[in-house]
Amino acid sequence: MNNARIDVQPLPYKKRQRTFLFLVLVFAVSLPFLYLYATGYRFDFKRPTNLVSTGGIYVAVEGTGAEIFIDGELVRETRTFRKAFYAQNLDVGTHRLHVQKDGYHTWVKELPVSKRLVTEAEAFNLPLVPQVRVVSPWQTATGTTVVRGIPTNASSTNILYATTTTATSTFIQNTEYGSLLAHFGTTTEVEGGSVKETRAINFKELLDATTTSESDESLATSTIVQGGVRLGFAGEDLYATWVGSFEQMPYYYCAPDFPPYSTATVTAPFVLPEILDEETDLDEIESEEFVIHPVQTVPKDTACEPSIRIDRKWQSVQDFDFFPGSTDLVVLALEDGVYVVEIDDRSWQNVQPIMRGSNLRFYIESNNIYVYDGNLIYQILLQTE
Amino acid sequence: MLPLFTKRRYTQPTMAKHNHLLPYATRPDFKVGRATELTGKNRVLYRFLEILPGAASWSSLIAMVLASIYAPFFAAYFIIAFAVFWVLKTAFLSYHLRYNWKRLKHHMSVDWKLMIERFEYEHLYQLIILPYYNEPEEVIEASLRSLSEVRYDKKSMIVVLAREERAGENARIVSERMKEKWGDTFGGFHVSVHPADIPGEMAGKGSNATWAAEDVRKTILDPHGIRYNHTLVSIFDIDTVVYPDYFNCLVWHFMTAAHPLKSSFQPVPVFNNNMWEASALARVVAMSSTFWEMVQQERPERMATFSSHSVSFQALYEIGYWQTNMVSEDSRIYWNLLLANNGEYDVIPLSYPVSMDANAAPTFLGTVKNIYKQHRRWTYGVENFVYIVYHFTKNKSIPRGTRIKIALQQAEGYWSMVTNPIMLIILGWAPIFFGGRVFHETVLSYNLPIVVRDLLILAMFGLVVSSIISLTLIPKRPEGKNRFIYVVMALQWILVPVTMVVFSAIPGLDAQTRLMLGKYMGFWVTPKVRN
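So the sequences go chain by chain: A and B.
Residues 182 to 566 in this note's numbering are what the first sequence spells out, letter by letter.
Residues 151 to 681 in this note's numbering are what the second sequence spells out, letter by letter.
Note that these hints are calculated values from the structure, not bench results.
Treat the hints loosely; a few may be bogus.
Claimed, not checked - Sample of chain A residues with no beta-carbon within 12 Å of chain B, all distances over it, derived:
id	residue
1	L192
2	P193
3	L215
4	S295
5	V299
6	R314
7	S350
8	E428
9	M430
10	Q560
What the hints assert, rightly or not - Straight-line Cα separation of at most 25 Å, SDA-like style, residue types lysine to any residue; simulated pairs:
id	chain 1	residue 1	chain 2	residue 2
11	B	K255	A	A185
12	B	K555	A	V207
13	B	K252	A	G506
Said to hold, decoys possible - Residues from chain A that face chain B, not an exhaustive set, calculated with beta carbons under 7 Å:
id	residue
14	F203
15	L204
16	L206
17	L271
Even glycine gets a Cβ: it sits at the ideal position worked out from N, Cα and C.
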């Protein structure tokens, strides 16, 4: 230690002051740009105003390994902790989404993107070949399920003992089959207060019904209410009606119409109907000054009937219920199979089969779907990877 | 036995009881500790000021939640602005930190003994006061050993082991052993015994140190004619281990100070004594305190004294030593001195370290508890804000601009320490949860967590700097410790977002709330554990 000089002086006050003022300037300059960015504005020097208002899409996906495409471009592959995707910087207009996964049905939707707003959607992908657990009336002594004929409309996950014999003396009755079969019994049977009868009711009566119960409750008519959504018939059609609070209502119940997706440049601006009137100049809308507080809303006093017809593929609906754990998806038993249909009818409703076949009935209990073809009962395995 | 370096024998005049006090220090409320010690309007004012910090902090946090519910757009914009402010503040403080690191390293390489040769300093005495309670003997031993190894004339050093009578027989035995072992090493070695249960006193370091100082004055300074303005008092925590050139560095700064008798001298506390034994959590918390002090060393106009520091005996005598009725006496002494000297008092940063203990306990949960309690005691320093503002309304001799500036700086410091981490790390997501349907459908609500996250990541780059600096400040790795510990020491800084909230903001809020509710805190002795 021979150093006898102070070579490092204390930080001069003026230098500190200059640094402080510089940082204040950085704060003042950067903040407006951050606000613009955070609210969806982007710079586009090709446009006359240089500042463009964009929107976003948020799509949630069940399961991993799915690929999300927006306008044909792959944007995300879902993983364990990345099952949703938020796309921003999207031009105002209609965009096409599809979610695909090997071995699964593809979910496709066209959705509108509005200025400074995010359009939400939830995709679902059912297996092309359903995975099932077969429940038959008979079992071998070792518990193996006995079937007459191999099911061809599904892939069984349990070992089956296929036989052509009708003799059952060597087999044991499967009690599970008996208890499940009771759920597919006559309509006079009451199970936990759930009695479903097919009865045509007046649509207005359906809308005027005032219950807002959140409980999974079945009424004496052909309606089911769950999570603020009421499923019920009006004539031959099945409707999903929002009966919960306005704050909780999914936007698609009162979504306005929008133009279809086109690969050509979108020239017509998409605007919310409530600001359009006869005197609205569409050219002016494109260049109107932005507002900091845009609002995508269904005003409470707007005449909107939050009711959506469920696509039944022009077949009669033999049975219906909510998909387990969801109030956005409906399970329908139609003439040619059991299907899952999404309630969201923006552009169209995706319909994917759970199991094809005629005269199929289904029953849902404890997040399991059981399908009955008159002979065997199939537990549909709703696995997610 | 003390050497007589003084060329003239100076006899301290016999003073009337308060004649040695500066005029402002003679006020009956000069050493107020809490509102209950006052009466009338003064009490109302003091009580109001005690409520203010906690009320401001709680109001801010509640306002954030309410804004998220009723004005989510405004809340979102505020959070973004706040995150930007945080990044820039981090950058600003990091700039100071890096500069002081450079200065600290340089000061540790300077030969201070050589530096002070040009001065006449042999007349100066170093009075080292070591208050203790029931700390382990090896802790006291380490402190005394380090004093014995300084590159300074030990015969000019007077060591005072300030014992608490209430600590009992063990403490007495330890003090006698230490005196026997180290008594001849120094010019003077004195054991003072602070009686228990003196009315009006709060048991703690302040009351103990004050007793010791007055005891030394009567038993050593006056009988030997040692002048108060020739005596530098170093009031050290008992676990303080000084570096070899501390007193040389102190003398240099004393001799070159513009107003040496109106200045306190603040070293940089590094918590290195048990660095290798402490948990990662304790190390991060301790080093964060060191970094804060290093930042303050480059902003001396904002500094107050903290923990171990030095000051002239004359300055102390002029205000009647430390307060005996409150917790954070280490910083309160600075404010006493500032007020008594009508604003003409400085803290001079030494940019030279003293080593102390990081908080450690036999179990991890014990460590967590101790760190929390220690920081709650430190952040109870908000009682100084009350004291300052109260006296700023009384002492008009201090320029108004100075009073306003100091009050605002202190207010911002105590408010931001408590609210900023909570607002950023927890409430930053409040609009997303409480914002309502209309807000949830906007790009703003989706981008808010992304923007805030990205800004916080940017701010965390400062942790890389902290990590590097911390590795240069730690002592040599002992034998038996795996080299992998360096990796742990570098990566431990990832704990900062947690420690900021759990060991800074929350104990700070706890302390402010106690003060607000009138549940005054007592002194808590930090347990010292050594392997």
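Tested hints:
1. L192: Per Cβ check, L192(A) is inside 12 Å of chain B; nearest 4 Å; violated.
2. P193: violated (10 Å)
3. L215: It is violated; L215(A) is separated from chain B by about 6 Å at its closest Cβ, not greater than 12 Å.
4. S295: violated (9 Å)
5. V299: violated (5 Å)
6. R314: Fine: 39 Å to the nearest Cβ keeps R314(A) off the interface.
7. S350: holds (63 Å)
8. E428: violated (5 Å)
9. M430: violated (8 Å)
10. Q560: holds (37 Å)
11. K255(B) / A185(A): Holds: K255(B) and A185(A) sit about 14 Å apart, inside 25 Å.
12. K555(B) / V207(A): holds (24 Å)
13. K252(B) / G506(A): Distance of about 61 Å is beyond 25 Å: violated.
14. F203: violated (9 Å)
15. L204: This interface hint holds because 5 Å falls under the 7 Å limit.
16. L206: violated (10 Å)
17. L271: violated (10 Å)
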